[in-house]
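Engineer: As a plain string of letters, each chain reads:
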Amino acid sequence: MLDAHIVSSSRGVDARLRVESGATLALLGANGAGKSTILECLAGIVSADAGSARLGSTWLHQGRSRLAPGRRGVAILTQDDTLFETMTVGDNVAYGLRSRRVSKPRARARAHEWLDVVGLSGADEARPGTLSGGQRRRVAIARALASEPTLMLLDEPCAGLDAEASTRIRMLLARLLVSVTAIVATHDAIDAHVLASHVAVLEDGAVTEHDSVDAVMERPRTAIAASVAGLVLLRGTRTATGIALDGGGVIAAESDVVVGAPALVAVRPADVRVARHNDVPLRPSARADGVIVERVSAIEPRGDRVRVHGARLAGDVDAATAAQLRLDEPVAFTVPHCRAYGDSRDSV
Amino acid sequence: MTAPRWLLPLAGGGALIVLLPLVGLASRVPWSDWWPLVTSEAALTALSLSLRTASAATALALVGGIPIAFVLHELPSRWRALARAVVLIPLVLPPVVGGLALLFAFGRQGLAGDMFGSAVAFTTWAVVLAQTFVALPFVVAAIDAALAARSGRLEAVAATLGASRTRVLTTITLPALVPAIATGAVLAFARALGEFGATLTFAGSLEGVTRTAPLLIYLTRETDPGAAAALSLVLVLVAIIGVTVAYRPAKAVS
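Residue numbers (our numbering), protein chains in the order written: chain R, 1 to 348; chain E, 1 to 254.
Take the hints with a grain of salt, since some may be wrong.
[As the list claims (entries may be wrong)] Computed cross-link-like contacts, SDA-like style, restricted to lysine to any residue with a CA-CA straight-line distance of at most 25 Å: (1) R:K104 with E:L169; (2) R:K104 with R:E148; (3) R:K104 with E:S164; (4) R:K104 with R:R136; (5) R:K104 with R:Q79; (6) R:K104 with E:A156; (7) R:K104 with R:A126; (8) R:K104 with R:E85; (9) R:K104 with R:T88; (10) R:K104 with R:E125; (11) R:K104 with E:E155; (12) R:K104 with R:G119; (13) R:K104 with R:T150; (14) R:K104 with E:T166; (15) R:K104 with E:P175; (16) R:K104 with R:M87; (17) R:K104 with E:V168; (18) R:K104 with R:S121; (19) R:K104 with E:W31; (20) R:K104 with E:L174; (21) R:K104 with R:D116; (22) R:K104 with E:T173; (23) R:K104 with E:V29; (24) R:K104 with R:R71; (25) R:K104 with R:S57; (26) R:K104 with R:V117; (27) R:K104 with R:D91; (28) R:K104 with R:T130; (29) R:K104 with R:T86; (30) R:K104 with R:R127; (31) R:K104 with R:G73; (32) R:K104 with E:T170; (33) R:K104 with E:W35; (34) R:K104 with R:P128; (35) R:K104 with R:D124.
Simulated from the structure, these hints should not be mistaken for laboratory data. Predicted model, so just to flag it, every value in this text is computed and none were measured.
Based on the sequences and whatever the hints tell you, model everything.
Structural biologist: This is the structure we're talking about:
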């Protein structure tokens, strides 16, 4: 089990993380949120200023005292493929074992097995320079896992590859990480769904949500988690009739939230109806009819549908409807009946 | 070619400054006597001494220069610039001044004279020392530049895999530095081979002991300009071959 509090004031990070043994945590955040910094602190590549991190019974760092990177049992798959270009693929994979004085034949045999596992059978003698991006990523994965880490860190493991290679790497990792304690830094919801059981959402160096994947993806409490999950997050207050949204409008929603308490609603833009304001009869706004009038702030083509963004809401329309809409024009978003949930953050 | 055309005449002018003297040198070589001249006993003695001392100096420059480059790289940045300037001084120092400085340090009456004086001054070791003095900065500069171009990511990853610092150095960093080391070694060797001023000042000009090829060339230039030109051509050829084979300008590396 990993229990970490990472503080790096120079990089603006102050984050608490927890990963159960054998579980995988997705560290979700935008570029620059501090994902890489957290992984590099845990690996010992960069130094945390304060805080502490304990992996099982081993202290990785405690305040300013730090364990050497090689003695942590923490392997990292960096975002750039840092293969050792001067060595063969086999020697790359055997590097961790050779560093721990495993004999050359034994280390090579293990490397050979690992190359089989990642789908690169017989590539032992190849040079990294001759491999494709996806193959290089596989070598890096084999090299990290061959060192038999207690904790595996993966920085955007499926990014920077073409779509097919990316999917195949994700499937490979889903298989390999089953019983490995791991953290996967990503900005892609698919990585979280496929690879992780839990999610920590990172914003400006701090963890703002820390819960199971299902909880975060279905009931996000932060805009970034909602956006990664493809949802629009609405904030408001529970009333007798529904949820009175911050900024006006009332929508109907079931919920366990007590009347008067803050409530959240996550809406799928595909479920939101959008109509030109003139086409919708005006109704008293206090009724929980789910109609919210907002000005169009952006019109985003998404294949066969077009997403219309307002200040808070977004909804999908077909191309013909979208062609009639102009920026700044008021439109009526109709939010379907949905389920609201509380804003508590007691899940960390 | 992407460079503007007006660079061409300037490049031509610059090249003339280098090429004309070489053509001038070649024009004075007595081609029919070239082989006998460069294989005369005096010439062979000097050439052999030059090759041996320059090789030894290159080896010493590598053994000392590579660690210096690593230490420079580890220094805090405000000290690094100063330390780099000190190490690179022999590059900009007139060789005679270098020879004088060596004399005051390692000569019989020098600072370390009690320790080295009788053993070093006016021996072949003095030649090697003078050549190392002027050649060392080339090794340091080449490796310093190559280290600065490295991000250190590979070393960091190697460390996470359990490699000790020594293992990281020998398996990751040094293999990646091979081109830079070769470049530094070639430049150091070429500089050592051509060393004149510091050698003459510090080691003197004893035939077979300290009289290297450049010293012999200088000595014979008035009595036998043809022989001097013939021997000079040998040094030019050695330099061209060495630089062509092993000199690779620093490029962006990971």
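Engineer: Now tell me if each hint is right for this structure.
Structural biologist: How the hints compare with the structure:
| no. | hint | result |
| --- | --- | --- |
| 1 | R:K104 with E:L169 | 19 Å, holds |
| 2 | R:K104 with R:E148 | 17 Å, holds |
| 3 | R:K104 with E:S164 | 17 Å, holds |
| 4 | R:K104 with R:R136 | 22 Å, holds |
| 5 | R:K104 with R:Q79 | 29 Å, violated |
| 6 | R:K104 with E:A156 | 22 Å, holds |
| 7 | R:K104 with R:A126 | 18 Å, holds |
| 8 | R:K104 with R:E85 | 19 Å, holds |
| 9 | R:K104 with R:T88 | 14 Å, holds |
| 10 | R:K104 with R:E125 | 14 Å, holds |
| 11 | R:K104 with E:E155 | 21 Å, holds |
| 12 | R:K104 with R:G119 | 22 Å, holds |
| 13 | R:K104 with R:T150 | 23 Å, holds |
| 14 | R:K104 with E:T166 | 18 Å, holds |
| 15 | R:K104 with E:P175 | 19 Å, holds |
| 16 | R:K104 with R:M87 | 14 Å, holds |
| 17 | R:K104 with E:V168 | 17 Å, holds |
| 18 | R:K104 with R:S121 | 19 Å, holds |
| 19 | R:K104 with E:W31 | 58 Å, violated |
| 20 | R:K104 with E:L174 | 21 Å, holds |
| 21 | R:K104 with R:D116 | 18 Å, holds |
| 22 | R:K104 with E:T173 | 21 Å, holds |
| 23 | R:K104 with E:V29 | 58 Å, violated |
| 24 | R:K104 with R:R71 | 21 Å, holds |
| 25 | R:K104 with R:S57 | 31 Å, violated |
| 26 | R:K104 with R:V117 | 20 Å, holds |
| 27 | R:K104 with R:D91 | 9 Å, holds |
| 28 | R:K104 with R:T130 | 24 Å, holds |
| 29 | R:K104 with R:T86 | 17 Å, holds |
| 30 | R:K104 with R:R127 | 18 Å, holds |
| 31 | R:K104 with R:G73 | 21 Å, holds |
| 32 | R:K104 with E:T170 | 16 Å, holds |
| 33 | R:K104 with E:W35 | 53 Å, violated |
| 34 | R:K104 with R:P128 | 20 Å, holds |
| 35 | R:K104 with R:D124 | 13 Å, holds |
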